[in-house]
Amino acid sequence: MDFINMFIDSMPCSIDLSYMERVVILLCVGLCTFKITSLLIKRSNLVRHLKAFPGPPAHWFFGHTLEVMKRDGTAFDKSVAWGVRFPFAFPIWFGPFLSILNLHHPDYVKTLLSSTEPKDDIAYRFIKPWIGDGLLVSSGQKWFNHRRLLTPGFHYKILKPYVKTMADCSRLMLDKWEGYSQTNEFFEVFGPVSLMSLDNIMRCAFSNNSNCQNEGETNTYIKAVYELSDLVSMRIRVFPYHSDLIFYLSPHGFRFRRACRVTHRHTEEVIRKRKEALMEEAKPEQTQAKRNLDFLDILLCARDEDDNALSDEVIRAEVDTFMFEGHDTTASSISFLMYSLASHPQHQEICRDEILQVLGDKETLDWDDLSKIPYTTMCIKESLRLYPAVPGISRKLTKTMTFIDGRSMPEGSYIGAGLYSHHRNSTIWENPKVFDPLRFLPENVSKRHPHAFLPFSAGPRNCIGQNFAMNEMKVVIAQTLRRYQLMADPARPPKVAARLVLCSLNGIYIKIKPLQPGATTSLSMKMP
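Numbering (my numbering), first residue to last: 2 to 529.
Don't take every hint at face value.
Said to hold, decoys possible - Distance condition first, Cα-Cα at most 30 angstroms in a straight line; then the derived DSS-like pairs of lysine-lysine: (1) Lys397 - Lys79; (2) Lys224 - Lys274; (3) Lys496 - Lys224; (4) Lys129 - Lys274; (5) Lys71 - Lys224; (6) Lys165 - Lys224; (7) Lys373 - Lys71.
As the list claims (entries may be wrong) - Have a look at the derived ranges for each label pair, beta carbon to beta carbon: (8) Leu516 - Phe98: 50 to 58 angstroms; (9) His156 - Phe436: 46 to 54 angstroms; (10) Ser244 - Thr34: 13 to 21 angstroms; (11) Gly361 - Asn468: 19 to 27 angstroms; (12) Ala124 - Asp73: 20 to 28 angstroms; (13) Cys33 - Pro494: 45 to 53 angstroms; (14) Ser251 - Ala82: 31 to 39 angstroms; (15) Asp78 - Asn445: 23 to 31 angstroms; (16) Thr38 - Ser244: 15 to 23 angstroms; (17) Lys434 - Pro515: 47 to 55 angstroms; (18) Pro494 - His450: 27 to 35 angstroms; (19) Arg262 - Arg86: 32 to 40 angstroms.
No lab work stands behind these hints: they were computed from the structure. Quick caveat, the model's predicted, so the values are computed rather than measured. Virtual Cβ for every residue (Gly too), placed ideally from N, Cα, C.
Taking the hints into account, I'd like the entire structure generated from these sequences.
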């Protein structure tokens, strides 16, 4: 009691307080002192471990936040420039107490991606209320079991019928573009491509015709998905919102919870209807045509290690995860691919000739045609190199990680692979800013490190849907080049930034012209 009285009496203003009030004040001061001391110790340990990894100078309070969070399209250029100065890896500070070791060399990235370390508990936890503990954010045995159960959903026999659906969705989008082809005006492509991608994934994975390309954001579910993407992206950038309490009490937190309820109700309704449909299909008197097996069927028929069906909560988490992972990433990739080909007409023409020769009299590619367009595939890969849909990956170490040169980071450290700067590392890629599809000729690929090109990550936690995404990109670009000539807007180059996926702050603008009929030019004559 004497100690408490001495502390209170030492305060600058004299306040008549009861004993309990004095105890509460002392406890608050003690907790604040403990928290500040813990943070200072954490920073001291971080600085000590990062001494082996020199990096760009950081502000004492903001760290590198003001540079890497700029919304002017220069943040990634800064990261690439730092990579030139600091080979292999360098720390990026987000404030005084959080640092992520950013890797940008294949030898280092291989060490990280070959492990099964879980995703970080910073940005990824902001997504969890939306997508649950699905494959993206789960870890340990749960992640391993779910990965094993979901892998059959991406077998080629499942993917094969999707080609027609992809063609139908892209045709609907291109039909809507017919008006643009007559106006000679530039238009923004990410919006309609995103709706097309969402339409495609709902049809392919859940046999659900959402009509979202016609309804657009007037559809409550589509509106909620877009709102959630924006709110999660904003929460990552606004550091006070990293506090669950502050975000929960904010207007943005209210909007986030409301949008989550909308998406969850929609997913639960899709699952309920599919269960009823499966029961109907199982009846002996049912003679209707059999549907193609889809991702949701795989989930509903899956059994865990104890031969139990997955719970509705688990199924909902995986459905929401697939929706989140599958539509925005593919929309980003397709949009930047269109921009890349629009900016390089010589490569666009070679792709078009190749596609038209494979198509012949057909309107769209068949499953067997997907492997017959090697130059187009190389252009897709080069676009993914320059514009990876997921520009960075981060993990939190559960044990010490030692890199190829002997340097290491301890348990609890945050390690990230900056794929945007990794794909533009001049020690790996010659003239890294140049769009050159021939980098992906087999003889050139064989000379590079296996972990030099990582648009779908690598190792045990690589993208489970990468074949689905590549197939969709091939089908969509084939449909597009068959009908239109693409031209980029020189006055509005994309200002590249990270939202949840790679995006352009000022949009991605192209102009289209109807393709003039005529003979194609020999590929051998036009190869650059």
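Here's how the hints hold up against the structure:
Note on lysine 397 and lysine 79: the hinted pairing holds, with a Cα-Cα distance of about 24 angstroms set against a maximum of 30 angstroms. Restraint check for lysine 224 and lysine 274: the C-alpha separation of about 22 angstroms stays at or below 30 angstroms, so the hint holds. Pair hint lysine 496 plus lysine 224 holds up; C-alpha atoms about 25 angstroms apart against a cutoff of 30 angstroms. Restraint check for lysine 129 and lysine 274: the C-alpha separation of about 25 angstroms stays at or below 30 angstroms, so the hint holds.
Between lysine 71 and lysine 224, the direct Cα distance comes to roughly 27 angstroms. Compliance with the 30 angstroms bound is thereby established for this hinted pair. Straight-line distance between C-alpha atoms of lysine 165 and lysine 224 comes to about 27 angstroms, which keeps the hinted pair within the 30 angstroms bound. The suggested pairing of lysine 373 with lysine 71 is violated, with an alpha-carbon distance near 42 angstroms, which exceeds 30 angstroms. Between leucine 516 and phenylalanine 98 the CB atoms are about 56 angstroms apart, so this pair conforms to the stated range of 50 to 58 angstroms.
One distance hint, 46 to 54 angstroms for the beta-carbon pair histidine 156 and phenylalanine 436, is violated here, with the actual separation near 33 angstroms. Range check, serine 244 to threonine 34: Cβ separation about 20 angstroms, and the 13 to 21 angstroms hint holds. Separation of glycine 361 from asparagine 468 is about 25 angstroms and conforms to the stated range, judged on CB atoms against 19 to 27 angstroms. Here the CB-CB span from alanine 124 to aspartate 73 is close to 21 angstroms, well matched to the stated 20 to 28 angstroms.
Roughly 49 angstroms separates the CB atoms of cysteine 33 and proline 494, a value that falls within the hinted 45 to 53 angstroms. Restraint check, serine 251 to alanine 82: a C-beta distance of roughly 35 angstroms satisfies the suggested window 31 to 39 angstroms. Restraint check, aspartate 78 to asparagine 445: a C-beta distance of roughly 26 angstroms satisfies the suggested window 23 to 31 angstroms. Hint check: threonine 38 to serine 244, Cβ distance near 20 angstroms, so the stated range 15 to 23 angstroms holds.
About 32 angstroms separates the C-beta atoms of lysine 434 and proline 515, a value inconsistent with the hinted range of 47 to 55 angstroms. Between proline 494 and histidine 450 the Cβ separation comes to about 30 angstroms, which falls inside the hinted range of 27 to 35 angstroms. In this structure, arginine 262 and arginine 86 break the distance hint of 32 to 40 angstroms, their C-beta atoms being roughly 47 angstroms apart.
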